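Novice: Chains A and B are the protein sequences, given in the same order. The UniProt record's numbering numbers the first residue of the first sequence as 1 and each following residue consecutively. The UniProt record's numbering numbers the first residue of the second sequence as 1 and each following residue consecutively.
Check each hint, because a few of them may be wrong.
Same chains, same names: a pair is fine if it fits in one copy or spans any two.
Unchecked claim - Taking lysine to aspartate or glutamate and the EDC-like style, the derived pairs with C-alpha atoms no more than 20 Å apart in a straight line are:
(1) Lys53 with Asp223
(2) Lys70 with Asp14
(3) Lys44 with Asp210
(4) Lys207 with Glu152
(5) Lys141 with Asp223
(6) Lys203 with Glu244
(7) Lys101 with Glu140
(8) Lys53 with Glu144
(9) Lys44 with Glu128
(10) Lys53 with Glu42
(11) Lys53 with Asp14
(12) Lys44 with Glu237
(13) Lys149 with Glu128
(14) Lys101 with Glu85
(15) Lys203 with Glu144
(16) Lys203 with Asp148
Keep in mind the hints are simulated off the structure, nothing from the lab. Bear in mind that the values here come from a model prediction, so they are computed numbers and not experimental data.
Listed below are the residues making up each chain.
2 protein chains.
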Amino acid sequence: MCELLAMSANVPTDIVFSFTGLVERGGVTGPHVDGWGIAFYEGKGNRIFKDVKPSCDSHIAGLIKSYPIKSVSVISHIRQANRGEVSLENTHPFNRVLWGKNWTYAHNGQLTGYEDQLNPQYFIPVGETDSELAFCWIMEKVTERFGDKEPEDLIPVFNYIAELANELRRFGVFNMILTDGKFLMAYCSNHLSHITRRAPFGKAILKDTDMTVDFDKETTPNDVVTVIATRPLTTNEEWTVLKEGQWRLFELGEQRI
Amino acid sequence: MCELLAMSANVPTDIVFSFTGLVERGGVTGPHVDGWGIAFYEGKGNRIFKDVKPSCDSHIAGLIKSYPIKSVSVISHIRQANRGEVSLENTHPFNRVLWGKNWTYAHNGQLTGYEDQLNPQYFIPVGETDSELAFCWIMEKVTERFGDKEPEDLIPVFNYIAELANELRRFGVFNMILTDGKFLMAYCSNHLSHITRRAPFGKAILKDTDMTVDFDKETTPNDVVTVIATRPLTTNEEWTVLKEGQWRLFELGEQRI
Chain A
1 MCELLAMSAN
11 VPTDIVFSFT
21 GLVERGGVTG
31 PHVDGWGIAF
41 YEGKGNRIFK
51 DVKPSCDSHI
61 AGLIKSYPIK
71 SVSVISHIRQ
81 ANRGEVSLEN
91 THPFNRVLWG
101 KNWTYAHNGQ
111 LTGYEDQLNP
121 QYFIPVGETD
131 SELAFCWIME
141 KVTERFGDKE
151 PEDLIPVFNY
161 IAELANELRR
171 FGVFNMILTD
181 GKFLMAYCSN
191 HLSHITRRAP
201 FGKAILKDTD
211 MTVDFDKETT
221 PNDVVTVIAT
231 RPLTTNEEWT
241 VLKEGQWRLF
251 ELGEQRI
Chain B
1 MCELLAMSAN
11 VPTDIVFSFT
21 GLVERGGVTG
31 PHVDGWGIAF
41 YEGKGNRIFK
51 DVKPSCDSHI
61 AGLIKSYPIK
71 SVSVISHIRQ
81 ANRGEVSLEN
91 THPFNRVLWG
101 KNWTYAHNGQ
111 LTGYEDQLNP
121 QYFIPVGETD
131 SELAFCWIME
141 KVTERFGDKE
151 PEDLIPVFNY
161 IAELANELRR
171 FGVFNMILTD
181 GKFLMAYCSN
191 HLSHITRRAP
201 FGKAILKDTD
211 MTVDFDKETT
221 PNDVVTVIAT
231 RPLTTNEEWT
241 VLKEGQWRLF
251 ELGEQRI
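Generate coordinates for the entire structure from the input sequences, incorporating the hints supplied.
Specialist: Shown next, in the form of structure tokens:
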């Protein structure tokens, strides 16, 4: 199984603390050694760092840990390959441009028996993963339903994506995180947790490595920061654990659905 | 004016030497201080590093200089903003997926009077630059001409892109580098040079910083490495300087057109 991590915040926030916990699972406390990736939004642009090396000994992961890139929307993934070889084109997160916006996505789980069912004609995958194919299929279905122009209200779009995710769940495990840079959607098949931190901030203790952070020193009283992860990353906080078929939509840190 | 840099090689090659010269132009020997970006292909996947800070004092540019990422196809750009504010979404290179492949592009120059003429309906720009709009227009025209499936022979596609570049040149200066990871196209409007290095390899001396490399020690006798740059990067080699309207196509280091 792979590890997902996402963040949605109302002010640009660095994710060094959570990412430090996650990368330990890439070869130290977890078996996820087939590459990793992380996307940071800054405005409408995003930057995606990927590496096929295990995150625990990746030079680029070292950069992310030491160099706080501040963002309101982050998606990260550590991969244990099951479908598709270990290569850059098979490494999450995946990105496509739709409606003049970057849509970024990562998936955890494995699908089977989908080959005849998912046949996007226009959004063609670059790599061989079931994950990217599912993403391309979602993008194409959304385009078919909502057209080439972005709707004013995106809530119906995310509701429709949740319907599509329900369909994908018929083929296996489909835990997903998806963002357009403003909204962050989390869909649970079997493992996905989230927590929203806001004032008064306290201390948090990472589960996977010996590290504590005092968010009170890192934040202002108006900050709202939601973190989504496959499993809770800290030992002393209350995370909400989603059930099968449940999903959430966050907008700049605040839960909308 | 911005600076372009690209590399096409028959074996994965690092671009540290050329990139070191280029980043000096981002704030030290040149005025290009509005961000920079670089794309490396590895197989069908690519990684794109971007920063809105000047390249000469960018933490991420430091990573690229110290950590040789080997690639057969690289595109890089240092920006001096003229259209569109300094932001990540306005930073080159730009990437779109067409026919299940990553197409990456950077532009140097400035276009005017194009607003009514370039109206892509499907490939919508994320940022506000004339450069990304021209790229989207090219991608859309290529799709209209060649359809949703990749043609077996890509040479007619690049010939058509050269025709489109001729049209874009009517709106101003349009120096362009474009790659699908295997082919690298260079189109000259007023400034673009290239050099192909092969055995016997010699020493090269960078123009912009005090650095010499002995390629004989860095290569094998079968390596073929082409470098494209706005202006020649070295002082002791013969670069081919392209004229207005000229273009080149390289395939894994070797010139095809």
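Novice: Against each hint, give a clear statement of whether it holds in the structure.
Specialist: Consistency of the hints with the structure:
| no. | hint | in the structure |
| --- | --- | --- |
| 1 | Lys53 with Asp223 | neither (34 Å within a copy, 26 Å between copies) |
| 2 | Lys70 with Asp14 | within (4 Å within a copy, 29 Å between copies) |
| 3 | Lys44 with Asp210 | neither (35 Å within a copy, 38 Å between copies) |
| 4 | Lys207 with Glu152 | neither (41 Å within a copy, 52 Å between copies) |
| 5 | Lys141 with Asp223 | neither (35 Å within a copy, 45 Å between copies) |
| 6 | Lys203 with Glu244 | neither (30 Å within a copy, 62 Å between copies) |
| 7 | Lys101 with Glu140 | both (15 Å within a copy, 17 Å between copies) |
| 8 | Lys53 with Glu144 | neither (37 Å within a copy, 39 Å between copies) |
| 9 | Lys44 with Glu128 | between (28 Å within a copy, 10 Å between copies) |
| 10 | Lys53 with Glu42 | between (26 Å within a copy, 13 Å between copies) |
| 11 | Lys53 with Asp14 | between (23 Å within a copy, 18 Å between copies) |
| 12 | Lys44 with Glu237 | neither (32 Å within a copy, 41 Å between copies) |
| 13 | Lys149 with Glu128 | between (29 Å within a copy, 17 Å between copies) |
| 14 | Lys101 with Glu85 | between (29 Å within a copy, 17 Å between copies) |
| 15 | Lys203 with Glu144 | neither (46 Å within a copy, 56 Å between copies) |
| 16 | Lys203 with Asp148 | neither (46 Å within a copy, 53 Å between copies) |
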